[in-house]
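Visitor: Under the numbering used here, the residue at position 168 of the sequence shown is numbered 168, and the numbers go up by one with no gaps.
Warning: the hint list may mix true and false statements.
[Claimed, not checked] Taking lysine to any residue and the SDA-like style, the derived pairs with C-alpha atoms no more than 20 Å apart in a straight line are: (1) Lys-37 with Pro-61; (2) Lys-37 with Ser-6; (3) Lys-37 with Leu-48; (4) Lys-157 with Leu-108; (5) Lys-147 with Pro-186; (6) Lys-147 with Leu-176; (7) Lys-37 with Leu-4; (8) Lys-205 with Phe-120; (9) Lys-90 with Glu-148; (10) Lys-94 with Val-13; (11) Lys-147 with Pro-183; (12) Lys-37 with Glu-122; (13) Lys-157 with Glu-83; (14) Lys-147 with Phe-120; (15) Lys-37 with Lys-147; (16) Lys-90 with Pro-61; (17) Lys-147 with Trp-129; (18) Lys-37 with Phe-128; (19) Lys-147 with Arg-91; (20) Lys-37 with Lys-16; (21) Lys-37 with Glu-8; (22) Lys-16 with Val-86; (23) Lys-37 with Arg-91; (24) Lys-205 with Asp-106.
Keep in mind the hints are simulated off the structure, nothing from the lab.
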Amino acid sequence: MFILSSLEDSVRVEPKDLSRPRLVAITSVIEQLMVDKVVADLGLVVTLYDVLSVESGYVHPSDGGARFLVRFRVVVFRPFPGEVIVARAKRASKEGVHASLGFFDDILIPEHYLPEPSFFNESESSWFWRYTDGEGSSNDMDIEFDKEIRFRVQSIKFHTAPTPDELRRLRERDPLIGTTDKPFSPMIVIGQINEEGLGPLSWWKDDESDSDESSDSGKESGSDDDDEEEEAAEAKND
């Protein structure tokens, strides 16, 4: 889910910060520029890990700030395809189920990656899976909001920010694009829950409990068998 990545960049330190210790000033600039930002084709920068090297600074004409060539490492959120993650379902649309990890909200489980058959309840803006057991009885399994949901990462999509002209054309089709109701997402994690064991944790809670009980029962049974064998061995020796 998290990786350590090495980057190199030209870092500009403002004139007012040149009196500060060089490493402190450079670290502050890197954190402002990169932390909680998505780097294209890399992922979401969570924190600055360390600074590896700093080359001597130089000042451009008509620019009082100093620029340093800096090599540094950052902790990046970038899940790999096939990884299983537990998030929280936050909302739903006809597009699918939207989930969040708290620090990252752009997780989409598209409708074609939901269990079949799944249906969208327009009045409640929610999805549910119509589960049918071996006897033919069916039950509607809701995907509830603010509940934990286990999904498998299918892919990661990166998008470049649209230019003003591109944004204008996009808003002709959808006026909400680029607003707080439908903000631009530079990175989207695509997930799937159409496999056994995936989906809301409440769907599989009973199965997991039964599995734990069977495991505990097996341990107790094994312990009883060992005690009986020890008693038999002692009786034979006597």
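Visitor: Determine for every hint whether it applies to the structure shown.
Guide: Evaluated hints:
{"no.": "1", "hint": "Lys-37 with Pro-61", "in the structure": "30 Å, violated"}
{"no.": "2", "hint": "Lys-37 with Ser-6", "in the structure": "16 Å, holds"}
{"no.": "3", "hint": "Lys-37 with Leu-48", "in the structure": "12 Å, holds"}
{"no.": "4", "hint": "Lys-157 with Leu-108", "in the structure": "11 Å, holds"}
{"no.": "5", "hint": "Lys-147 with Pro-186", "in the structure": "25 Å, violated"}
{"no.": "6", "hint": "Lys-147 with Leu-176", "in the structure": "27 Å, violated"}
{"no.": "7", "hint": "Lys-37 with Leu-4", "in the structure": "15 Å, holds"}
{"no.": "8", "hint": "Lys-205 with Phe-120", "in the structure": "23 Å, violated"}
{"no.": "9", "hint": "Lys-90 with Glu-148", "in the structure": "10 Å, holds"}
{"no.": "10", "hint": "Lys-94 with Val-13", "in the structure": "47 Å, violated"}
{"no.": "11", "hint": "Lys-147 with Pro-183", "in the structure": "23 Å, violated"}
{"no.": "12", "hint": "Lys-37 with Glu-122", "in the structure": "34 Å, violated"}
{"no.": "13", "hint": "Lys-157 with Glu-83", "in the structure": "15 Å, holds"}
{"no.": "14", "hint": "Lys-147 with Phe-120", "in the structure": "18 Å, holds"}
{"no.": "15", "hint": "Lys-37 with Lys-147", "in the structure": "27 Å, violated"}
{"no.": "16", "hint": "Lys-90 with Pro-61", "in the structure": "51 Å, violated"}
{"no.": "17", "hint": "Lys-147 with Trp-129", "in the structure": "16 Å, holds"}
{"no.": "18", "hint": "Lys-37 with Phe-128", "in the structure": "34 Å, violated"}
{"no.": "19", "hint": "Lys-147 with Arg-91", "in the structure": "11 Å, holds"}
{"no.": "20", "hint": "Lys-37 with Lys-16", "in the structure": "25 Å, violated"}
{"no.": "21", "hint": "Lys-37 with Glu-8", "in the structure": "16 Å, holds"}
{"no.": "22", "hint": "Lys-16 with Val-86", "in the structure": "45 Å, violated"}
{"no.": "23", "hint": "Lys-37 with Arg-91", "in the structure": "23 Å, violated"}
{"no.": "24", "hint": "Lys-205 with Asp-106", "in the structure": "26 Å, violated"}
Checked against the numbered hints given earlier, this structure breaks hints 1, 5, 6, 8, 10, 11, 12, 15, 16, 18, 20, 22, 23 and 24; the rest are met.
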